[in-house]
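Keeping the supplied structure of chain C fixed, place chain D upon it in accordance with the hints.
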Amino acid sequence: MRRALGTALGVALLATGPAAGQQEAAGRQAAATGTAAISGVVSDAVTGRPIAGAGVSLFGVEPGGQELAIRLSVLTDTRGRFVFVNLPSAPRYTLIATHPSYAVGDYARPAGASTGALIRVDDQDLSITLADGEWMREANIRMFRLGAIGGRVTDERGEALVGAAVRIFSHRMVAGRQQLVPGAVVATDDRGVYRIPRVQPGRYFVAVLSVQATVPVGVADGPRTLPLGGLETRRPYTPPGSPPDARGASVDVNGRHRLVLTNFATPPPPGGDRQRAYAPAFYPNARTLSEAQGIDLDVGASRADVDFQLAPVPTATVSGRVTRGVEGAANMLLRLMAPGSEHLGFGSEMGTTLVEADGSFTFLNVPAGAYTLVASPAVADTGGSPAGRLAWSVGYGPALGLSMVYEATGTGVMWWRSEAGATVWGRMPVSVGDANVTGLELALQRSASVRGRVVFDDSNQPDPAQRFLIMLEPANADTSLGVPNTHTAAYDETHAFSIGGLQDGRYLVRFQPFRGWRVKSVLVNGIDVTDTGLDGSLGQDYDKVLVTVTKAGAALSGVVRDRDGRPAAGAVILFPVDPQRWVDYGLTPDRLKSTSARSSGAYALSPISEGDYYVVAVPQGQGDAWQDPKFLAAAVPAATRISLTTGDARSQDLRVSEVVVR
Amino acid sequence: MSFLLLWLLVAVAASPRSGPSDVVRTQVRDAGRPPTVGTASISGVVVDDAGPPRPVRRAVVTLTGEGLRPSRGAITDDEGRFTLRRLPAGRFTLKAERGGFITSVYGAKRPGRAGTAIRVTEGQQIADLRVRLWRGAVLSGVLSDVTGAPVANTPVAAIPAREVTPAALTLSNNHEAMTNDLGEYRIFGLEPGTYVVRAGARRIGGIEIPVSVENALSEAEVDATLAALSARGRGPIAVPTPSGAASTAATLTTPGTSVSAAPIYFPGTPVAADATPIALASGEESGGLDFAVHRVGVATIRGSVAGPSGAPVPRAFVQLSTSTAPMLFASTVPAPVTANSGPDGTFVLGGISPGDYRLLVRADVGPPARVGGGAASGRLWWNSMPMSATGTDIDLGTLTLQPGMTVSGRVVFDADATAPPVDPTTLRVLMQAESLGDAPTQGRGRAMTTNARLLQPAAVRADGTFEVTDLVPDAYRLTASGSALTDSGWWLRSAIWNGRDVLDAPIHLAPGETIRGVILVFSDRRTELSGTLSAPGGEPLSDLFVLAFPADAALRVPHSRRIRAVRPDSGGRFIFGNLPAGEYLLSVLNDVDDGEWNEPGFLDQLVAASVKITLADGEKKVQDLRLSGGRD
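Line order of the protein sequences matches chains C and D. Residue numbers for the first sequence follow my numbering, so the first one is 1 and each next one is one higher. Residue numbers for the second sequence follow my numbering, so the first one is 663 and each next one is one higher.
This is chain C alone, in the form it adopts within the complex (with noise of 0.2 Å):
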């Protein structure tokens, strides 16, 4: 499921979900024909009842290709039966089923089991081989249905909060380090309803978002107002003639700045001595994340209670200038968020303002509390669409020009790039209390630039017509260091490249989207740094960076079985000796490989880097454990230590025996 999505078009792509393309697909069906066939149930993983019309999905590679030639969906019968027939032989088919209330499942993984993952299973595990004549009865797929959270969202007089963004968060393992990610995010209904389906078993912290985006005067566009989850139905009124114009309302505060209303809670008007405004809360009504109570939810269960009950709180303004890179600033976005929760997407700012011409900047509306003042090139979130929105409700326009998403291992991140500010980054931490806070400075860094190129080592180089994708991935998945990308590199003779906004943190190095290829080796004057990434905090350039890009790789394959020696479905990880790689890896870890057994028992992971490695066989629920280095270090004894060089092609057989994490 690795694969780049291209850019521009950005949020729309993360909706269209894996339906996109079977239009298409019903155009090629005349691939070529067989007589292999494929059977199974898909039934509910946790009563175990047929799952009547799920969509079962099947992707073929044909003999010797690369591409998907084969494409075919069915609905299952009432007895939750599916079969295709008539199949060439292949050497890898995948079966997807989907539902749209169950999550999705593949053969022989049950999707679900892996709650706490953020990062899933690379593209090798769900094959299936049909040699020509062969009929796989017992293609069975489990589905584990999906839980809802929802509740209600009022203001101080019990009125209902309309058109409220709410959005869940949860502790996720990413990059070896728990880390809080966003979740799906909604709108409040005219009754301040909510509602968040196809919610996966696990602890949530809900929260109810309230962004006070400052729009100095003068700025001609502003923060947006787009629906979120389909909920908002506010059709703004256009006078005839007039451009489609989603800006969101704008009232004035002191005649040089304005606060934009978008998809969060109306404060007070202003007037008086203090503005009020509506701070974020988590669900019980707490200010913070440490007060906030989790929400645990079983497979397929439903809160609908999770009530708020907001109060307008007083607020300062806080105003200060950037200090150094003034030429570089102007119009660019500040944001204004919770320690330690820099890492979170759009929406999650108590505040966002503008720098303006001369280098000041002002955020109105500031309940008292500690910040961290964010000034980023670029923001990634890890959040799919509609999240996507809210970068447009918080941001402005212009600033946030351009956008891409791509897929890392399992995740979608959103990649949004600042056009102001694109070679500088600051951040300081701000205290707020009664008083207005006056006189800030925050000094921007100049942020570092990589250039090199990349090698294909291989004579098979890729489609020249085709553009590549190298990505900086922050070393520790901390996305508010954005991921810096080639995102204009156009694939020329010299395979030259040039990424900026680097900001305090180490970046590793990743190339997309050419199926098969991967980053070998990346040497800055003759240094590896493959794996120590390049580090952004020393604000130097790096030039003549070298990136080579391999197809080559090691192959570890072999049959898992029970402890009885038969047979056994599973899942294979692969880990290397190094305890210092379990974490610190980015979004894309190269040298952690998990895998299925098929139900033959037979598994195979490839291409892997050379180097010492463990791999262990696990029951399937414990498929996505590896990301949690505790169960790394617990899984040691259990498994096989190997040494993998580049060609070889090895054989490795595998008991299965449960990791117990103490």
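Heads up, a few of these hints could be off.
Far from chain D, by Cβ distances over 12 Å, these chain C residues were calculated [stated by the list, open to error]:
#1 Val83
#2 Glu159
#3 His171
#4 Asp252
#5 Asp578
Here are some of the chain C residues that sit facing chain D, going by a computed Cβ distance under 8 Å [what the hints assert, rightly or not]:
#6 Val74
#7 Arg195
#8 Pro197
#9 Ser302
Computed far set for chain D versus chain C, every beta-carbon distance over 12 Å [what the hints assert, rightly or not]:
#10 Ala789
#11 Ala811
#12 Pro939
#13 Ile940
#14 Pro970
#15 Gln1064
#16 Ser1196
#17 Glu1201
#18 Ala1215
#19 Gln1267
#20 Val1269
Calculated from the structure, these hints are not laboratory results. These numbers come from a predicted model, not from an experiment. From the three backbone atoms N, C-alpha and C, an ideal C-beta is built for every residue, glycine too.
For chain D alone, kept in the frame of chain C given last:
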């Protein structure tokens, strides 16, 4: 027609009157310019539509207008009050909005409709304005499948049943909600009116994306297929299909019936015309609109494309779009289904829902066009045919293409100078196809992308001639553009062909037809028709509409540039800027919806109670209107 009240008029003798013109050319939004500030103020209260009206707190009011930079906004307090200060003199629109209510402007007689402009003089303190907000109506219900299970995560749209214009396509996005895990949907903030409710069509940015096509399996089909698999040796099996024809060895076919999750309308029909309309009064909640969705059988269409010589044409672009126009439910039009012909000229269009379509095939067979350059003609071949799909597969056989067609002419400037006042080579002429599937301005997704190269405007040559090539049969609207036009005040006044102005009616290009000698006349003279509307007693009236439409019934066509409605401002003054010269009828209406005049017969019934005026080229005409006291 229920809201239409037609007023009988007397024309007040036109008096030559001088005064500042309020017509200001639309300005590009002006960043960086200093805000306009004055000493006037407007204050008032926002109330709801209850009886008696209650104040609406936390509503946002916004004042906009020419010369007001930036727009001004305020939030109402707990008593619904607001004040906007430091305003310059001008003519402004005041808008109020709040979640769950219908965004409305001051003076609107109905939710969401045009209001009354507020005329503010320097230093004036306007107090006690009452702005009414109507609570939006609500549609809600539960979506289920045929087994009664809830259908989650599916878009449900409320579509105004009067939606007739393509422009409404993009707006319908705003009336959409997703079902939750319980199958519940709730669409709120709706204007009163009649709606149909539709489930199941996904759209992105106003474009409906094709629904997925799957094969629905029945128990009998699965049983039969499994039995055949058990009974066979290791060979292929005959796949049972509903048409009875077993699949051929050349095709990989799946058992079952080809179906798609095509849109289903309340109370459960795939046919838009069979939907039950829901009438909603202002603020009404219509709940319990529960219905079941089912999948609809779809067809596969096959054919092959050949050139005029009979040779197969690879990479031809094949597009199937909904044909019916005018469409009752424009927003139900799915994005065209498209395909490209293969090396042997064959193509397959899959997943075609039952309905009437137009098939259009285009092949770009010439050298690549240069962007904006005078493209070589004769590079486009086409074929077009109407067709119906019923759910069974169709084989169209061979479609023979023919060369594209041409429209040519020259531009002239209505000026005394010998040299053209605008460099002709900066001008572009565009033929916009009327049919929905072809119109480049409609942004029809993939079709637009693929055809972009073929729909480029033609550049005017230095000698003033132009040639638009590679056209296919359709009705076209001719437009001209160019940066020199927006800056200089020159505009396309007429496009004369065969003695008629094709700006007033589309050009119908028949198969094989070539049109030559179209004369595009550019002018820098602008008309203005203004006046004051007054009651029989002479007091100015602001809460009515003044409608101008052509005296010649032949020019009363939908979307005519000669039909316009305005509301007088708070002083009763109305202005029509730059109507084309000609004879007009002026009517005064109690209320009119934007575009309502496109309905057949609407204008004809206004003729008897209208005032006729003649507007000469470049004329600034003042025509006051006074109601006669009677009401029709």
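Going down the list of hints, with the structure as the test:
no., hint, verdict
1, Val83, "5 Å, violated"
2, Glu159, "8 Å, violated"
3, His171, "23 Å, holds"
4, Asp252, "6 Å, violated"
5, Asp578, "43 Å, holds"
6, Val74, "5 Å, holds"
7, Arg195, "5 Å, holds"
8, Pro197, "4 Å, holds"
9, Ser302, "7 Å, holds"
10, Ala789, "17 Å, holds"
11, Ala811, "8 Å, violated"
12, Pro939, "19 Å, holds"
13, Ile940, "15 Å, holds"
14, Pro970, "26 Å, holds"
15, Gln1064, "25 Å, holds"
16, Ser1196, "24 Å, holds"
17, Glu1201, "26 Å, holds"
18, Ala1215, "24 Å, holds"
19, Gln1267, "23 Å, holds"
20, Val1269, "23 Å, holds"
Consistency note: the structure conflicts with the earlier hints numbered 1, 2, 4 and 11.
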